[in-house]
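**Q** One letter stands for each residue in the lines below.
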Amino acid sequence: MSVREYFIKMAGGAKGPPGVSFTEIIWSWLGSAIGIGICGYISSAYFEPRDLTLIIGSFGASAVLVYGAVRSPFAQPRNLIGGHVISGLVGVASYQLFGETIWFAAAIGVSVAVVAMIVTKTLHPPGGATALIAVIGGEKIHSLGFLYVLVPAGAGAVVLLIVALIVNNLSKNRKYPEYWL
Amino acid sequence: MDNNQNDISGEDLRAALREVKTYVDITEEDLKKIYEIALRHAKERLALKIPVKDVMTLAVIAVKEDSDINEAARLLSEGNVSGLPVVDNENSVIGVITEADILSAAGMEKGYTFKDILRHILGEPPRKKKKGDKVRGIMTTPAITTKPETDIREAAGILDENRIKRLPVVDAEKRLIGIISRADIVRAFNKK
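For the record, the sequence lines run as chains A and B.
Under the numbering used here, think of the first position of the first sequence as 1, with each following residue one higher.
Under the numbering used here, think of the first position of the second sequence as 1, with each following residue one higher.
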């Protein structure tokens, strides 16, 4: 590969996919609103009073996938649940091993989570955030220890999944999931 | 890239992506690349396919269902083959007769000695004519046949599964148009 070829790659050249219809946009909005809404409500009503939480930042990214790009392999149940659980596990382990140097624990947590998701065929981009939050999420998250893997990571993903199954399949043009495992 | 009728345009891909209706996280370029690779694989697969009609023997010897067993035995020995398709008056394949059928039929007849069977095979008149000495009575039915368009791999599978050596090839009306043997298939692969 010449230097010229290297820089030509940066020019891109492909076209982005076409836009979607208004009804598609409405379904994406409705799914995300209900999914994140329910997660947040359950969290503040039942979990936060017990010093727990059911909602983390990475669920915002999951909502994009499971309600906005339902056909994507990233959005399928295996990836949604598996990605959050595996990344949560890697993130907590990384914090517990290297937590004294946060930047290092964060780098190892996210990078190993990416690899673990690829290896287990559960690649779910928000999983990277789940691993990162396990490290940089503050005292409240750190005090959960490995419980973080189940609550909020696993349980929150399950709530998003249930809402996705119910809402996405109400749409004429949608079918969710494409596959389970 | 070579221009041919299989080339797909950007407009085709955009139309396909729109038709899917939901958001698909793939670019037109990638979709085109995948499409072209898949098409190449399909072409390679089809190029490997050899239809039965390309390798079958056309000058096929068959025997009529109402022929005498002696006639069948003579055709088998003259044609130097171990089995023959049996056809009715419309040339439709209704069964297959093999050396084994003839031997077992002859062997089962009471009163025939080994010498008689040999005489039979050598085409000499049998000691006595019996009822049921027609091909119809001893042939194996129904005949396992194949179509001219079938891939020879599939034909090989049929031969193997049924432990047989040849397959009569029939047209849509079940009329005999050729025969394909194990040797024909081996030869075809060797040429390839």
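In short, the hints are calculated from the structure, not lab data.
A couple of the hints might just be wrong.
Stated by the list, open to error - EDC-like, lysine to aspartate or glutamate: derived pairs with alpha carbons at most 20 Å apart: (1) A:K140 x A:E48; (2) B:K21 x B:D7; (3) B:K21 x A:E178; (4) A:K121 x B:D133; (5) B:K64 x B:D7; (6) A:K9 x B:E28; (7) A:K172 x B:E19; (8) A:K15 x B:D25; (9) B:K53 x B:D133; (10) A:K15 x B:D133; (11) A:K15 x B:E36; (12) A:K140 x A:E100; (13) A:K15 x B:D30; (14) B:K134 x B:E90; (15) B:K21 x A:E5; (16) A:K15 x B:D160; (17) B:K43 x B:E19; (18) A:K9 x B:E29.
To be verified - Computed footprint of chain B on chain A; a stretch qualifies when at least three of its residues, placed anywhere within it, have a C-beta under 8 Å from a C-beta of chain B: (19) 8-20; (20) 90-97.
On a predicted model such as this, the values are computed, not experimentally measured, just so you know.
Here a beta-carbon is modelled for each residue, glycine too, at the ideal position from N, C-alpha and C.
**Q** All hints are to be evaluated individually against the structure, with a verdict given for each.
**A** Status of the hints after comparison with the structure:
1. At most 20 Å may separate the alpha-carbon atoms for a hinted pair to count; A:K140 and A:E48 meet this at roughly 10 Å.
2. Restraint check for B:K21 and B:D7: not satisfied, since their Cα atoms lie roughly 23 Å apart, outside the 20 Å limit.
3. A threshold of 20 Å between alpha carbons decides the hint, and for B:K21 with A:E178 the separation of about 15 Å falls inside it, so the pair holds.
4. At roughly 68 Å between alpha-carbon atoms, A:K121 and B:D133 are farther apart than 20 Å, so this suggested pair is violated.
5. Under the criterion of a C-alpha separation no larger than 20 Å, the hint pairing B:K64 with B:D7 is inconsistent with the structure, at around 53 Å.
6. Our distance criterion of 20 Å between C-alpha atoms is met by A:K9 and B:E28, whose separation comes to about 16 Å.
7. This hinted pair checks out: A:K172 and B:E19 have alpha carbons roughly 13 Å apart, not beyond 20 Å.
8. For the given pair, A:K15 sits about 12 Å from B:D25 by alpha-carbon distance, which is consistent with the 20 Å threshold.
9. Distance check on the hinted pair: B:K53 and B:D133 sit about 34 Å apart at the alpha-carbon level, beyond 20 Å; violated.
10. Restraint check for A:K15 and B:D133: the C-alpha separation of about 78 Å exceeds 20 Å, so the hint is violated.
11. As the CA atoms of A:K15 and B:E36 are separated by approximately 17 Å, the hinted pair is consistent with the 20 Å bound.
12. For the hint pairing A:K140 with A:E100, the CA-to-CA distance comes to about 16 Å; that is within 20 Å, so the pair holds.
13. With a C-alpha separation of about 10 Å, the suggested pair A:K15 and B:D30 falls inside the 20 Å cut-off, and the hint holds.
14. This hinted pair checks out: B:K134 and B:E90 have alpha carbons roughly 18 Å apart, not beyond 20 Å.
15. Of the pairs offered as hints, the one joining B:K21 and A:E5 is violated, with about 36 Å between alpha carbons and a cut-off of 20 Å exceeded.
16. Using a Cα cut-off of 20 Å, the hinted pair A:K15 and B:D160 is violated, with the two alpha carbons roughly 52 Å apart.
17. Only pairs whose Cα atoms come within 20 Å are accepted, and B:K43 paired with B:E19 is rejected, the gap being roughly 26 Å.
18. Distance restraint check for A:K9 and B:E29: the Cα-Cα separation of roughly 14 Å lies within the 20 Å cut-off, and the hinted pair is therefore satisfied.
19. Interface restraint, the stretch 8-20 of chain A with chain B: holds (7 residues with C-beta to C-beta distance below 8 Å; minimum three).
20. Coverage of the stretch 90-97 of chain A by chain B is violated. Counting CB-CB distances below 8 Å, 0 residues qualify, and the rule asks for three or more.
The earlier numbered hints that this structure contradicts are 2, 4, 5, 9, 10, 15, 16, 17, 20.
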